[in-house]
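**Q** Required output: the full structure, derived from the provided sequences and hints.
Counting in the numbering used here, the sequence shown runs without a single skipped number right up to 64 at its last residue.
If you're looking for bench data, these hints aren't it; they were derived computationally from the structure.
Heads up, the beta-carbon is just placed ideally off N, CA and C, and yes, glycines get one too.
Do not rely on the hints blindly, as some may be mistaken.
As the list claims (entries may be wrong) - Now the in silico label distances, taken between C-beta atoms and shown as ranges: (1) Ser61 <-> Lys14: 29 to 39 Å; (2) Ser61 <-> Tyr12: 26 to 36 Å; (3) Arg57 <-> Tyr3: 14 to 24 Å; (4) Ile29 <-> Glu2: 13 to 23 Å; (5) Arg27 <-> Tyr3: 29 to 39 Å; (6) Val60 <-> Tyr3: 12 to 22 Å; (7) Ser61 <-> Arg17: 17 to 27 Å; (8) Thr58 <-> Arg37: 24 to 34 Å; (9) Thr58 <-> Arg38: 17 to 27 Å; (10) Arg27 <-> Met1: 17 to 27 Å; (11) Arg38 <-> Glu2: 35 to 45 Å; (12) Gly59 <-> Tyr12: 34 to 44 Å; (13) Arg37 <-> Gly59: 18 to 28 Å; (14) Thr58 <-> Gly5: 30 to 40 Å.
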Amino acid sequence: MEYRGQRAKVKYSKEDRLWVGNLCTTRDIVGFHARSRRMLPAAFKEAVDDYLEAANRTGVSINS
Numbered sequence: 001m002e003y004r005g006q007r008a009k010v011k012y013s014k015e016d017r018l019w020v021g022n023l024c025t026t027r028d029i030v031g032f033h034a035r036s037r038r039m040l041p042a043a044f045k046e047a048v049d050d051y052l053e054a055a056n057r058t059g060v061s062i063n064s
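**A** Okay, structure coming up:
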């Protein structure tokens, strides 16, 4: 998955019955999850938007 220059790795957790993803283009820990594959893109985009907004607001550079 890719959005706004950020990429994620996603896997299905049988234990949690959730799709779980993490951004892989930063050293910061940014995760997201969704109950279905259909909901996954929205959860990913929300996580990226929140991450970039927080980095911009606090003046923290995005590490890659």
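**Q** Hint by hint, work out which the structure violates, then give me just those numbers in ascending order.
**A** Per hint list: 5, 7, 9, 11, 13 and 14 violated.
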